[in-house]
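Asker: Build the full structure now, drawing on both the sequences and the hints.
Quick mapping for you: the protein sequence lines, in order, are chains A and B. Sequential numbering of the first sequence, starting at 1, is according to this note's numbering. Sequential numbering of the second sequence, starting at 1, is according to this note's numbering.
If you are wondering where the hints come from, they were derived from the structure by calculation, not from laboratory data. Every residue, glycine too, gets a C-beta built ideally from N, C-alpha and C. A portion of the hints provided could be inaccurate.
Some chain B residues near chain A, calculated using beta-carbon distances under 10 Å [as the list claims (entries may be wrong)]:
id	residue
1	L122
2	L469
3	A559
4	E638
5	V640
6	D649
Away from chain B, derived, C-beta distances all over 10 Å, residues of chain A [what the hints assert, rightly or not]:
id	residue
7	G67
8	D149
9	V150
10	E154
11	D183
12	S267
13	S270
14	E286
15	R289
16	V319
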Amino acid sequence: MSRIRQRVVASAIVVAGLMAAMPGAEPTGGAAVSPQDAPQQPTFRSGATAVAVDVTVRDRSRRSITGLAATDFQVFDNGVRQEVAEVSYGKLPIDVTVALDVSYSVTGALLERLRRGVVQLMGDLGREDRLKLMLFNMRVTRTTDFTRDVRSVERAIREATAGGGTALLDAVSVALVSSATPDRRQLVVFFTDGGDSSSITTPAMLTAVAQRTRATLTFVMPGSFPILRTAVGSSGDVRVVSAGVTPAPPRPLDALFRTLAAETGGSILSVGASTDLTATFRRALEEFRSTYVLYYNARGVDRGGYHAIEVRVPREGVVVQARRGYFSS
Amino acid sequence: MTAGVRVGVVLLAAAIASLDAQVPRPAPPQAQFRTSTDVVMVDVSVRAGGQPVASLRAEDFVLTDNGVRQQIESVEAAAVPIDVTLVVDLSGNPRGPWVGHVPVSKIAREVESELQAVKRILRSDDRLRVLAVDRGVQQLSPLLPVSAELRLARVEFDGLSALYDSLATALLQPVEPARRHVVIARTKGLDTISSINAQAVRAIAEQADALFHLVMMETALDSDAALSSFQCNPTLMGLCWPTKRFWVPFQRRLIGPRPVHQLLPDGEALAAAARATGGDLHRASGILEPTLAGTLRKTFEDFRSSYVLRYTPQGVSRGGWHTIAVTVPKSRSYSVRARRGYGIDEPAAPPPPAPASSAPPRTLPEFTAAYERGAYQSVLLGLRQVTDPVRIIRDFEEGGNPWPAIPGREAAFALDLVEPGVFSSRNGAQEEALRMMERFTRLIRQPFEPDVFERYWHFAALTLVEGMLRPSLADAFVTRALERFPGEPRFVLSRAIVTDQRWVAGGLRGAAGGTTSPPAPAYVESVRQQYEAAIALPETATEARIRLAWFLHGLGRHAEALDLLERAGREPVSELSLRYLRQLFLGHVLVALDRRDEAIEAYQRARSELPKAQSARVALMNAFLARGDRDEAESMAEQVQVEQSAEMDPWWMYWQGQYRLYPQAMGRLRGLIR
Chain A
1 MSRIRQRVVA SAIVVAGLMA AMPGAEPTGG AAVSPQDAPQ QPTFRSGATA VAVDVTVRDR
61 SRRSITGLAA TDFQVFDNGV RQEVAEVSYG KLPIDVTVAL DVSYSVTGAL LERLRRGVVQ
121 LMGDLGREDR LKLMLFNMRV TRTTDFTRDV RSVERAIREA TAGGGTALLD AVSVALVSSA
181 TPDRRQLVVF FTDGGDSSSI TTPAMLTAVA QRTRATLTFV MPGSFPILRT AVGSSGDVRV
241 VSAGVTPAPP RPLDALFRTL AAETGGSILS VGASTDLTAT FRRALEEFRS TYVLYYNARG
301 VDRGGYHAIE VRVPREGVVV QARRGYFSS
Chain B
1 MTAGVRVGVV LLAAAIASLD AQVPRPAPPQ AQFRTSTDVV MVDVSVRAGG QPVASLRAED
61 FVLTDNGVRQ QIESVEAAAV PIDVTLVVDL SGNPRGPWVG HVPVSKIARE VESELQAVKR
121 ILRSDDRLRV LAVDRGVQQL SPLLPVSAEL RLARVEFDGL SALYDSLATA LLQPVEPARR
181 HVVIARTKGL DTISSINAQA VRAIAEQADA LFHLVMMETA LDSDAALSSF QCNPTLMGLC
241 WPTKRFWVPF QRRLIGPRPV HQLLPDGEAL AAAARATGGD LHRASGILEP TLAGTLRKTF
301 EDFRSSYVLR YTPQGVSRGG WHTIAVTVPK SRSYSVRARR GYGIDEPAAP PPPAPASSAP
361 PRTLPEFTAA YERGAYQSVL LGLRQVTDPV RIIRDFEEGG NPWPAIPGRE AAFALDLVEP
421 GVFSSRNGAQ EEALRMMERF TRLIRQPFEP DVFERYWHFA ALTLVEGMLR PSLADAFVTR
481 ALERFPGEPR FVLSRAIVTD QRWVAGGLRG AAGGTTSPPA PAYVESVRQQ YEAAIALPET
541 ATEARIRLAW FLHGLGRHAE ALDLLERAGR EPVSELSLRY LRQLFLGHVL VALDRRDEAI
601 EAYQRARSEL PKAQSARVAL MNAFLARGDR DEAESMAEQV QVEQSAEMDP WWMYWQGQYR
661 LYPQAMGRLR GLIR
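Answerer: So, in structure tokens, the structure goes:
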């Protein structure tokens with residue numbers, strides 16, 4: 001049972017089949033919930049496809065709007081209005097994956113700012129939350145698996161050696177596909193300059209991966225940063241072959257980043273050369289934490305293929321952000 | 001004469017061995033013209049009252065090698081056949097107004113006439129070679145028996161003078177056993193473009209196995225106007241800018257005081273070079289200028305009547321410079337002339353390995369010393385730690401060739417030294433490295449025809465510039481290499497790779513795809529044609545097919561890409577990285593064609609080639625997920641993150657072209673200079 005659950009949750013929250021073994025609540029259907037509520041797991045007993053969608057609702061000042069109930073949301077699955085069976089807010093523990101670009105692009109003082117930012121982020125995590133650290137240049141490495149041990153994460157960043165090319169797209173793909181514990185929400189935060197020199201994953205492939213996985217993807221990207229082109233040396237070492245500074249992108253992959261953030265309900269946070277990364281990481285976490293999870297049983301639509309999702313909150317001055325869709329096999 | 005005197009010559013012997021283009025293959029044995037025994041033979045001329053002294057025996061001579069008296073094993077009258085290399089100076093002619101009315105054909109006839117005069121002096125078993133000084137070294141006639149008909153190659157003038165290069169070329173010609181080599185160079189004494197200087201010529205002469213005579217053509221530039229024209233840079237609106245490397249200021253006038261031919265330091269060096277071999281500098285006497293034939297006649301009087309003393313050095317260290325002194329004690333009135341010494345660069349035994357704990361070299365002298373003793377790995381280790389590659393390059397250039405008689409070693413060393421600069425982010429480092437590389441493309445240019453050393457040098461250089469991923473800078477190197485080696489498969493492939501790189505290096509294409517801006521049709525066609533040219537050559541066909549397939553795949557021409565990859569798969573491929581990339585690319589192409597199961601099989605075959613390579617794992621992970629195999633995908637993601645290989649993933653170096661072959665190319669180069 002838990003196996004079914006795991007597969008469903010990991011595949012973009014497509015809950016196919018029964019979820020009866022999950023302890024806890026029945027679908028409450030329209031009941032308003034508050035952040036103070038104890039975490040409760042929704043259970044679905046129908047044969048329809050059960051879907052969970054992360055939704056952020058803010059006012060025009062980007063302040064989160066809380067206290068919404070299921071009846072406040074309108075959800076469309078491939079254009080077909082769905083009934084929201086359950087809403088949770090702030091109940092599920094969070095797994096944060098922080099992926100740091102340690103190619104030649106990210107070195108020295110910036111790496112130190114990253115260390116401080118990540119350490120503070122761990123301090124901001126809730127009691128049940130965890131953090132995993134990935135470092136990538138052309139290699140993608142899980143340096144620390146999900147943990148609450150600040151010191152191990154801090155040590156890992158301190159010991160990071162910057163250098164090499166950048167396989168950013170590969171790293172994003174791996175982070176999204178990495179197995180996730182059921183009933184925990186997944187936030188993946190990538191700190192990168194946005195350059196990619198070594199990925200085998202194409203933008204189209206990565207977009208497909210984002211549509212088939214569950215995590216919310218947020219990019220923290222410098223608004224001004226050095227541009228370094230790297231190459232692999234004869235002994236396997238990687239060196240910079242050109243360098244420069246650009247005050248502002250466009251980066252070749254900017255459109256892809258926007259697509260990925262939109263597909264997964266995440267965002268792109270731009271930081272300046274001296275921006276406090278602590279505040280930026282905290283913001284990423286807070287935005288993710290102040291997210292509703294809507295559960296519905298997809299009805300009236302074909303089960304397989306890509307399902308476009310649209311979520312509305314029919315109120316004046318409300319900005320709704322949710323992932324664009326999911327893939328159901 | 002053997003190893004001792006002819007160490008410098010062995011390099012050329014290696015360089016003219018059979019051409020061998022395929023780097024990964026084991027090197028064929030190199031031609032060797034000399035044995036490795038340290039037997040030294042010295043030409044000695046003994047004259048009394050201007051006449052040769054005959055009938056001397058071994059015991060009549062006293063010969064010291066570095067001050068240690070040696071046992072003369074034999075004395076031979078000089079009956080051995082002679083190879084004569086004549087160097088004629090054609091430089092300056094096109095721009096000199098004094099020859100403005102002299103057609104090239106006339107100059108060629110004059111040269112020919114003089115050569116006929118020289119031939120009449122030689123014996124039937126002697127041989128003659130003719131070189132010309134111009135922008136480069138022209139071989140007007142290869143080494144041929146005197147009896148052969150003399151046919152000069154097309155005489156060409158450029159106006160510039162590579163005198164020192166020409167002299168070095170002549171002096172470094174290999175000499176067969178039982179023959180002797182005489183170089184007679186007639187020169188105007190100006191050099192404007194050589195890659196080496198007069199001191200280098202002197203160093204080469206000291207170690208060369210040749211008797212060297214230099215003839216000054218003082219009347220050739222007989223007026224101020226001629227001199228000014230020769231020395232003027234025509235772009236400076238008539239202003240004259242003296243060349244830097246002249247050694248005889250021409251102040252001779254048709255009317256007026258006697259000419260003053262003062263030898264400048266470079267001229268002194270060349271004179272010393274000639275004397276070091278037992279030869280001389282021949283200057284004008286009154287208004288008469290020595291001719292080649294006249295000089296040769298005078299030289300041969302000595303040469304034909306000279307002795308060859310043979311000895312095996314005893315009581316002296318093998319390496320380094322050996323000063324020779326020859327006397328005939330029984331008569332102080334005899335005038336004895338012999339070469340002044342010889343040098344040995346190579347130690348007799350392999351140098352002791354550096355202690356394991358010794359630190360890698362850091363300074364240029366340390367790099368040079370390590371390179372000299374063959375501690376290449378130590379050099380490479382040290383170079384990787386260089387923090388200021390510009391300084392190393394400049395120190396190297398300011399110091400000049402540490403091995404003047406072994407230009408090949410210098411050229412190989414230079415490539416090693418530029419590598420940190422090529423991959424450095426320091427301001428100006430790449431430019432400095434490329435500038436030095438560009439200079440050496442001229443230095444390594446073999447005078448007559450390209451040889452295996454030059455081929456490998458160009459190849460190593462091309463792998464470097466491909467590795468930079470700066471195709472605009474690499475173009476010139478590819479062009480130069482192809483000029484020297486038209487049709488050389490690796491260079492043809494390099495042309496295609498560099499053109500292909502423009503798309504990705506310009507940020508218009510992602511590493512694995514994702515075109516942000518479609519390339520112009522003309523560009524696409526150009527890349528295709530260049531890869532087709534490499535496909536037509538068996539040595540590079542497979543790699544060119546794979547690369548063209550990837551290029552076409554990037555354009556969305558997946559069916560064509562598939563066809564190429566399948567064809568590449570029908571050819572045996574020995575290189576692991578190519579086999580891996582073929583399967584990896586095949587997987588991507590099949591994904592694009594929505595043949596996911598076959599794509600997964602291709603990715604799995606790539607994994608079987610290199611089980612821990614990240615790119616195949618990531619590709620498989622994506623493909624599994626797309627097919628709905630979530631468990632498999634997650635398993636792959638896990639492996640990517642925790643099971644890593646220290647080895648390089650071939651995909652990571654794909655866009656760096658043939659740079660993966662750089663270590664082999666350099667290893668081959670170093671092998672050639674040993």
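Asker: In ascending order, which of the hints set out earlier in this document are inconsistent with the structure?
Answerer: The structure breaks hints 1, 3; every other hint is satisfied.
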